[in-house]
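Q: Given next are the chains, with one letter for each unit.
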Amino acid sequence: MSGETREAVAAEDGTIVLAIGATRGGVFEAHGWEEVVIAFAKARAGDVDGARAMIDALLAREPDEWQGPYNAACLEALHGDTERAFAQLARAVEMGGDEVRDFAPGDSDLESLHDDPRWQDLVAP
Amino acid sequence: MKTIHVDRLDRIEMDDGFVWRPIRRHFGIEAFGVNAYSPREAGAQVVEEHSESQLGHEEIYLVLRGRARFTIDGKEHELDAGQLVFLRDPALRRGAVGLTEDTLVLALGGKPGEAYEISAWETMFAAVPAAREERWDDAIRLHEEALERRPEHPALLYNLACMEARGGKHLDALLHLKRAVELEPTWAETAARDSDFAAIRSEPGFPD
Chain H
1204 MSGETREAVA
1214 AEDGTIVLAI
1224 GATRGGVFEA
1234 HGWEEVVIAF
1244 AKARAGDVDG
1254 ARAMIDALLA
1264 REPDEWQGPY
1274 NAACLEALHG
1284 DTERAFAQLA
1294 RAVEMGGDEV
1304 RDFAPGDSDL
1314 ESLHDDPRWQ
1324 DLVAP
Chain S
423 MKTIHVDRLD
433 RIEMDDGFVW
443 RPIRRHFGIE
453 AFGVNAYSPR
463 EAGAQVVEEH
473 SESQLGHEEI
483 YLVLRGRARF
493 TIDGKEHELD
503 AGQLVFLRDP
513 ALRRGAVGLT
523 EDTLVLALGG
533 KPGEAYEISA
543 WETMFAAVPA
553 AREERWDDAI
563 RLHEEALERR
573 PEHPALLYNL
583 ACMEARGGKH
593 LDALLHLKRA
603 VELEPTWAET
613 AARDSDFAAI
623 RSEPGFPD
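Protein chains in written order, with the working numbering: chain H, 1204 to 1328; chain S, 423 to 630.
In case anyone wonders, no lab produced these hints; they're calculated from the structure. Everything numeric in this text was worked out from a predicted model, so none of it was measured. Hints may contain errors.
Far from chain S, by Cβ distances over 10 Å, these chain H residues were calculated [what the hints assert, rightly or not]:
1) G1228
2) G1229
3) F1243
4) A1248
5) D1259
6) A1260
7) R1294
8) D1318
9) D1324
Some residues of chain H that are not near chain S, with every Cβ distance over 12 Å (derived) [to be verified]:
10) F1231
11) E1238
12) R1264
13) D1267
14) A1290
Label-pair ranges, simulated between beta-carbon atoms [as the list claims (entries may be wrong)]:
15) W1236(H) - R563(S): 36 to 46 Å
16) V428(S) - R1264(H): 52 to 62 Å
17) A513(S) - V1230(H): 35 to 45 Å
Each residue gets a CB set at the ideal place from its N, CA and C atoms; glycine is no exception.
Just chain S, same shape as in the assembly:
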């Protein structure tokens, strides 16, 4: 049994203006997805604009503190602390802005009829501080740990290749990028434009 106040969880600031408070990762929960988010400042993003089309998750958000303005399928909804919003349709685009600095939103999700799997985006989010500080070995280690559980996950392989390319491990980057593209060919187009691969784009074996 473990307890912690949500304000004592890691604060991982994302470029979109929201701060990820990694609840699932903190406790090592494997049965369901749960995280909290706060805005960097009043008026900033608190839930990034996204859909769940790729993961197929149903999602529910609970405003724990403050006030948030959700935009769901183009419509705005202001929610006070204690209010919940549930989204069954994974295709709906959703996002929210924290209207007060102390806004805190809990997010839960899962795919009906399937056992929960840890989402790959968590690793990518967790690696953001290391990447921002160019601690490439730390960023690479986080991806390698995630790949031990899901060795053939194309997005994880792709992002590992990004970190390796930035960290000077060019051969590893090419190998992992090649494997990511074999598993998910659409990554080739993304890689062609991705500045992370600037150093290896002209190397033989870079995916077309």
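Bound conformation, chain H alone:
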């Protein structure tokens, strides 16, 4: 069932899990989440500009998906550029509406934005 949530914890060092997935009856397309994961790893390693470049390329390739600007907002919020974070979050809300408003409050990546008055304006119902 597509609604089943799933996660796993590695019970020992050296654990490696192979994951395979596709949509039944649909053509497989590589999705941007892979690049988002790499971009965030780059940023954690100190290469925030490199991470931004990857996210920008993703935004250019998938301009109609709210997840792009949303992840850009997370990246900026995590790395201290509040202005860019709100600009991207505003785009994500504009594109994704309630789906983004429901998801964002529980996302720890965006915690640094919570005390800013713009947060309530964008995310509050």
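Chain H is already provided as a structure; the job is to place chain S on it using the hints.
A: Frame of chain H, contents of chain S only:
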């Protein structure tokens, strides 16, 4: 949600020496192709020699356990557990031998730009135990089930005709063979040499 250890999956021994562990079929996966293979014994085939030219699949193999020697486009590559080999070009001939008895290889494939369809060979592989034990009704049923999803698949029709001919259902065999040849005329040449059709080759209506 279902879980199973790969060693508890069905073991279907093929004539080439490899054992098919039908992962996709076990779970009823319809979104992608995935299977595992082991050798009947150390030194036996673990991935049959083949190309993916007909299906157009990209393939990736992961050695889950043991050690396998792949031969790809005539070149040998020994892979330990944890190593992957990816083949983008469907025309490349590929196969592998399990170098240890416990070798286990996971295989995944799909055609770029197309939704996954269950490959007809799975039905033919699944029918091998029944055919080997001459349980023709079981072999026929497996093919009929597959044909419910893909009623005009020439290879499935051809193999159904084989099972019917061996099982004494000669008229059904002739009808299905005729339809297979209408859809894929090259099957006529194969049928002319196929021992499965020995009992019906002289019947009127057997494809030329």
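Q: With reference to the structure, classify each hint as holding or not holding.
A: Results for each hint:
1. Here G1228(H) does not stay apart from chain S, with its beta-carbon only about 5 Å from theirs, under the 10 Å limit.
2. For G1229(H), the shortest C-beta to C-beta distance to chain S comes to about 6 Å, within the 10 Å cut-off, and the non-interface label is violated.
3. Here F1243(H) stays apart from chain S, with its beta-carbon at least about 24 Å from theirs, past the 10 Å limit.
4. Every CB of chain S lies more than 10 Å from the CB of A1248(H), the least distance being 25 Å, so the non-interface label holds.
5. Taking the minimum C-beta to C-beta distance to chain S, about 26 Å, the non-interface status of D1259(H) holds against the 10 Å cut.
6. Once the 10 Å rule is applied to beta carbons, A1260(H) is consistent with being away from chain S; the minimum gap is 21 Å.
7. Look at R1294(H): its CB is around 30 Å from the nearest CB on chain S, clear of 10 Å, so calling it non-interface holds up.
8. Annotated as non-interface, D1318(H) keeps its C-beta farther than 10 Å from every C-beta of chain S; the closest such distance is 40 Å.
9. A cut-off of 10 Å between C-beta atoms confirms that D1324(H) is not in contact with chain S; the least separation is 41 Å.
10. Distance to chain S contradicts F1231(H) as a non-interface residue, since its nearest Cβ pair spans about 6 Å, not more than 12 Å.
11. In this structure E1238(H) is separated from chain S by more than 12 Å, as the shortest Cβ-Cβ distance comes to about 19 Å.
12. Even its closest Cβ contact with chain S, about 17 Å, leaves R1264(H) beyond 12 Å, as expected for a residue assigned away from the interface.
13. Consistency note on D1267(H): stated as away from chain S, and its beta-carbon is indeed over 12 Å from all of that chain's, at 20 Å minimum.
14. Every beta carbon of chain S lies more than 12 Å from that of A1290(H), the smallest distance being close to 36 Å; the non-interface claim holds.
15. A hinted range of 36 to 46 Å for the beta carbons of W1236(H) and R563(S) is consistent with their spacing of about 42 Å.
16. For the hinted restraint 52 to 62 Å between V428(S) and R1264(H), the CB-CB distance of approximately 37 Å leaves it violated.
17. In this structure the hint that A513(S) and V1230(H) lie 35 to 45 Å apart at CB is violated, the actual value being about 22 Å.
In summary, the structure is inconsistent with hints 1, 2, 10, 16, 17 from the numbered list given earlier, while agreeing with the others.
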